[in-house]
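Peer 1: Here the protein sequences line up with chains A and B, keeping their order.
Add 47 to the 1-based position in the first sequence for our numbering, that's all there is to it.
Add 2 to the 1-based position in the second sequence for our numbering, that's all there is to it.
Honestly, the hints are just simulated from the structure, not real lab data.
Ideal Cβ placement from N, Cα and C applies to all residues, glycine included.
Some clues are possibly wrong.
[Stated by the list, open to error] Derived coverage of chain A by chain B (criterion: at least 3 residues anywhere in the stretch with Cβ under 8 Å from a Cβ of chain B; other residues may be distant): (1) 48 to 55; (2) 60 to 69; (3) 73 to 85.
[To be verified] Computed cross-link-like contacts, DSS-like style, restricted to lysine-lysine with a CA-CA straight-line distance of at most 30 Å: (4) Lys68/A - Lys109/B; (5) Lys78/B - Lys68/A; (6) Lys78/B - Lys94/A; (7) Lys89/A - Lys169/B.
[What the hints assert, rightly or not] If you only want the chain B side, here are some residues facing chain A, beta carbon under 8 Å, derived: (8) Ile94; (9) Ser119; (10) Ser120; (11) His161; (12) His166; (13) Thr201; (14) Ser274.
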Amino acid sequence: MQRADVKAALAREGTEVALSKSPEEFAAFLVEDNRFWAQLVKEAGVKAE
Amino acid sequence: LTAVAVCGLLGAAGSTKAQSWPAKPIRLVIGFAPGGAADYVARTIADPLGRLLGQSVVVENRAGAGSSLAADFVAKAPADGYTLLIASPSSISVNPALNAKLTYSAKDLVPVTKVTSSPLVVAVHPGAGINSFQELIAIGESEAGALNYTSSGNGSAPHLGAAHFSKVAGVEMVHIPYKGGAPAIQAVIAGDAQLTFGTPPSVLPMVQAGRLKALAVTSPNRSSLVPDVPGTIEAGLPAYSMSFWYWLLRAGRHAARGGEEAVRCGLSRSCSAPT
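Could you put together the complete structure from these sequences and hints?
Peer 2: What follows is the structure in structure tokens.
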């Protein structure tokens with residue numbers, strides 16, 4: 048996924064390659080990110096449909 | 003000790019096991035129909051990933067229930083390294099927060115790596131009289147409800163991103179949800195609403211055509227995707243940041259078996275391989 052052609056192809060769709068250093072680092076990030084999005088849902092006052 | 007070093011050691015010690023996986027094609031499941039961003043990301047990485055692993059990686063679209071269907075499928079699949087999921091915050095974080103009766107647990111999905119990140123683009127109608135992110139905040143502060151924004155639906159990334167901005171900036175805005183990103187952007191172009199927090203592929207062509215004006219991207223720094231638009235630090239609201247991700251996860255409901263390390267390290271190494 049570090050390949051230049053892969054990066055260029057993804058950039059066309061408006062997104063950048065952003066790999067984790069390790070599965071462990073990603074797992075730790077997910078815990079934080081999960082909290083962040085849950086907070087966003089609360090802030091936005093979105094109710095389940 | 004870094005995870006890479008751990009993988010290196012285990013790879014050498016358990017080489018017989020490491021060679022046993024992958025022995026058959028790998029499924030890469032996504033929760034959306036062909037044609038969308040998730041599908042595009044999956045199809046872009048499937049081929050190079052398959053070549054590195056020495057097996058084909060087959061994209062499987064399982065659309066439905068806001069990507070929950072695909073997450074449910076992978077969460078319940080055997081944890082043998084042959085079922086992967088391209089997921090976004092929707093399936094891992096937003097749906098569980100929205101829906102207490104979710105049929106899967108995000109804990110049954112094992113993290114492999116982040117794959118991509120995109121900021122949202124804060125875009126206004128060119129005739130709205132809003133020339134910068136600072137002006138947007140100033141107008142919002144001057145009168146509650148002076149600003150209205152569109153989104154692709156309740157609970158969508160554009161909705162949550164804008165609601166978070168309201169909170170951080172202390173600006174009250176009126177939310178106008180549409181069914182999908184295209185009508186949400188069209189409403190701003192038509193002048194029915196002032197602004198939207200849109201995804202780069204939906205907003206940028208309109209910015210280039212002069213039909214929308216981009217004030218900022220929602221990442222802390224400028225994005226190489228839109229190099230002439232400031233990030234939130236430069237735009238004067240460093241406390242605000244929101245990125246939308248695509249992640250790679252794998253089925254992990256069942257206890258780790260003999261091949262677990264081969265799968266974990268093989269995937270991790272292949273994903274970060276430079277060539």
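Peer 1: All hints are to be evaluated individually against the structure, with a verdict given for each.
Peer 2: These are the hints, each one checked on the structure:
no.	hint	verdict
1	48 to 55	holds (count 4)
2	60 to 69	holds (count 10)
3	73 to 85	holds (count 9)
4	Lys68/A - Lys109/B	holds (20 Å)
5	Lys78/B - Lys68/A	holds (27 Å)
6	Lys78/B - Lys94/A	holds (27 Å)
7	Lys89/A - Lys169/B	holds (11 Å)
8	Ile94	holds (7 Å)
9	Ser119	holds (4 Å)
10	Ser120	holds (4 Å)
11	His161	holds (6 Å)
12	His166	holds (5 Å)
13	Thr201	holds (6 Å)
14	Ser274	holds (6 Å)
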